[in-house]
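Protein sequences, first through last, are from chains A and B.
If you want the numbering used here, it's the 1-based position in the first sequence plus 157.
If you want the numbering used here, it's the 1-based position in the second sequence plus 157.
Treat the hints loosely; a few may be bogus.
A pair holds if it fits inside one copy or across any two, identical chains being indistinguishable in the list.
[As the list claims (entries may be wrong)] EDC-like cross-link-like pairs, simulated, lysine to aspartate or glutamate; straight-line CA separation at most 20 Å:
| hint | residue 1 | residue 2 |
| --- | --- | --- |
| 1 | K342 | E373 |
| 2 | K280 | E236 |
| 3 | K393 | D235 |
| 4 | K393 | E236 |
| 5 | K342 | E320 |
| 6 | K280 | E293 |
| 7 | K280 | E291 |
| 8 | K393 | E291 |
| 9 | K206 | D388 |
Quick caveat, the hints were computed from the structure, so don't treat them as lab data.
Here are the chains, one letter per residue:
Number of protein chains: 2
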Amino acid sequence: MASHGNQEAGWRCHGNLWSNLREVCDLLHIPAPAVSADEEVLFQHVRFKAGQRIHTIGQNFDTLYIVNSGFLKTVLIDEYGNEQVLSFPMKGDLLGIDGIHSLHHASEAVALSDCDIILMPYKTFAALGRSYAELEHAMFSVMSRELVREQSMIGMLSALSAEAKVARFLTNLGERFSQLGYSGKSFNLRMTRHEIGSYLGLTLETVSRTLSAFNEMGLISVDQREISLLDTNALKTLRRLPPAKARSKVTDKVSALVGKKLLPTWNAEAAVAA
Amino acid sequence: MASHGNQEAGWRCHGNLWSNLREVCDLLHIPAPAVSADEEVLFQHVRFKAGQRIHTIGQNFDTLYIVNSGFLKTVLIDEYGNEQVLSFPMKGDLLGIDGIHSLHHASEAVALSDCDIILMPYKTFAALGRSYAELEHAMFSVMSRELVREQSMIGMLSALSAEAKVARFLTNLGERFSQLGYSGKSFNLRMTRHEIGSYLGLTLETVSRTLSAFNEMGLISVDQREISLLDTNALKTLRRLPPAKARSKVTDKVSALVGKKLLPTWNAEAAVAA
DNA sequence: CGGCGACTTGAATACTATCAACGTCGGTGG
DNA sequence: CCACCGACGTTGATAGTATTCAAGTCGCCG
Numbered sequence: 158m159a160s161h162g163n164q165e166a167g168w169r170c171h172g173n174l175w176s177n178l179r180e181v182c183d184l185l186h187i188p189a190p191a192v193s194a195d196e197e198v199l200f201q202h203v204r205f206k207a208g209q210r211i212h213t214i215g216q217n218f219d220t221l222y223i224v225n226s227g228f229l230k231t232v233l234i235d236e237y238g239n240e241q242v243l244s245f246p247m248k249g250d251l252l253g254i255d256g257i258h259s260l261h262h263a264s265e266a267v268a269l270s271d272c273d274i275i276l277m278p279y280k281t282f283a284a285l286g287r288s289y290a291e292l293e294h295a296m297f298s299v300m301s302r303e304l305v306r307e308q309s310m311i312g313m314l315s316a317l318s319a320e321a322k323v324a325r326f327l328t329n330l331g332e333r334f335s336q337l338g339y340s341g342k343s344f345n346l347r348m349t350r351h352e353i354g355s356y357l358g359l360t361l362e363t364v365s366r367t368l369s370a371f372n373e374m375g376l377i378s379v380d381q382r383e384i385s386l387l388d389t390n391a392l393k394t395l396r397r398l399p400p401a402k403a404r405s406k407v408t409d410k411v412s413a414l415v416g417k418k419l420l421p422t423w424n425a426e427a428a429v430a431a
Numbered sequence: 158m159a160s161h162g163n164q165e166a167g168w169r170c171h172g173n174l175w176s177n178l179r180e181v182c183d184l185l186h187i188p189a190p191a192v193s194a195d196e197e198v199l200f201q202h203v204r205f206k207a208g209q210r211i212h213t214i215g216q217n218f219d220t221l222y223i224v225n226s227g228f229l230k231t232v233l234i235d236e237y238g239n240e241q242v243l244s245f246p247m248k249g250d251l252l253g254i255d256g257i258h259s260l261h262h263a264s265e266a267v268a269l270s271d272c273d274i275i276l277m278p279y280k281t282f283a284a285l286g287r288s289y290a291e292l293e294h295a296m297f298s299v300m301s302r303e304l305v306r307e308q309s310m311i312g313m314l315s316a317l318s319a320e321a322k323v324a325r326f327l328t329n330l331g332e333r334f335s336q337l338g339y340s341g342k343s344f345n346l347r348m349t350r351h352e353i354g355s356y357l358g359l360t361l362e363t364v365s366r367t368l369s370a371f372n373e374m375g376l377i378s379v380d381q382r383e384i385s386l387l388d389t390n391a392l393k394t395l396r397r398l399p400p401a402k403a404r405s406k407v408t409d410k411v412s413a414l415v416g417k418k419l420l421p422t423w424n425a426e427a428a429v430a431a
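Construct all of the structure, not just a fragment, from the sequences and the given hints.
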């Protein structure tokens, strides 16, 4: 079943829509090359119904995917068959980057709702970078952003308590919704408790309990998948575990200095020394 | 001492070595452009002493770094000043990618031992991609590899027990050492228990206890930072938590197939023997 | 030698997972 | 139309694992 599922992308519901380069750039929030409109390359849209896979693990890689509408999840499957949710892509997100390295996809992307996806052949992608210098930087930038996102994910997974994880998950989701023009305070979760738990490194019961607790506290109101954020600020600053105990010598010095100005452009020093 | 630090990279210990493009490509394990030797671009080496920072959080981004020798860590600093270790780069690894997106570094790289680092100005990097199509793909590939690595890190952090995390950390480290030509069985940890714990999402006590337990079991021998892997296979297949309960419908089919061949790797009973 | 940082080890505590039962919703078929 | 069913969700009791707190050792550098 999985064997031919990936190929369906090509002919299932032939995209009745096409986008030009400018539209794609807007979607990705990157500047479109000024000298556009000359070549007018077009990119095909493909529709996926909820539950369908955009790409599967091990599948040959040759195209990237840009989400035009809908909600998805990307997952890893471990040696026991359990799935690990890596992200919940939505409009404007780029999928498939993980396949570039080995030319096979390392993860799987599944539609959580009906989706409209734009196909971006990797060859075209690469060629565009060589043609337009600005575009090349934008492409590196998008990949860099993805990397930074995953890094902060790692930090969150290993340092935060269950409550803090769920709180941050909700506020992040809210921010993404509002950036898309939807309400950032009141929205509908497209994923199950199990998927949220997998994403956050928690069990579905813990997720459910935490949501209930937030509801009791008045931080949110929750009814099944309908969520309203009532006290975003409290959610953002909610923490439990980090008692600021674990700090290396070096860090102590830094934090002491930082305390005075706290400005972003703080440059480091070198010798710890002694 | 701290005030003028980051800029020192440019002139501290002026690199007495330079590398050409071919050497850099070899280091990164990417194919060098065939038509080389014509331009003969050179890349400067810079030395850092243990404890020095290659780049710091918030610092302006304009160059990438390639590790030629030495061991480092990259860290994130949270709002309380505690550090979160993200990776332990060594020879052949590329640093600084996280800065491309915002043009400011999102993480900090610290030398754990004396290091020899090659500077790769981002402008040069980008220009090379536009000049040589093969190189462009290689660059995307390196970034993609980094992304995949972080994804598997996320999977490990959220799904594995403390013992499994430490076991995988050791075997991964061993593999990296042997790829570099060193012994993969016997090596010296360049980082503290605290840094390992931060990297794995554990406390330093748990790391220490787990190492001691592995030592008792005869899986490794450990004396401070001197490690010998005695039973690599057992370490690789060591798991505790995943009782293969959490699976989606679709995934169940997959695991049915997996069950035939891969099931035997469930041991961990050996551990209980103590 | 004193002191500090790294490491180890031992309790006690706390958090999260696990197991289990029940409630809800939506779809299907009798 | 209603009963049944399965997937999803909630909640409680219990068990386990990892953290926290607390000594205490070892090795190194001033």
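Right, here's what the structure says about each hint:
no.: 1; hint: K342 <-> E373; result: within (17 Å within a copy, 53 Å between copies)
no.: 2; hint: K280 <-> E236; result: neither (32 Å within a copy, 41 Å between copies)
no.: 3; hint: K393 <-> D235; result: between (32 Å within a copy, 14 Å between copies)
no.: 4; hint: K393 <-> E236; result: between (35 Å within a copy, 12 Å between copies)
no.: 5; hint: K342 <-> E320; result: within (19 Å within a copy, 40 Å between copies)
no.: 6; hint: K280 <-> E293; result: both (13 Å within a copy, 11 Å between copies)
no.: 7; hint: K280 <-> E291; result: both (18 Å within a copy, 12 Å between copies)
no.: 8; hint: K393 <-> E291; result: neither (35 Å within a copy, 44 Å between copies)
no.: 9; hint: K206 <-> D388; result: neither (34 Å within a copy, 47 Å between copies)
The earlier numbered hints that this structure contradicts are 2, 8, 9.
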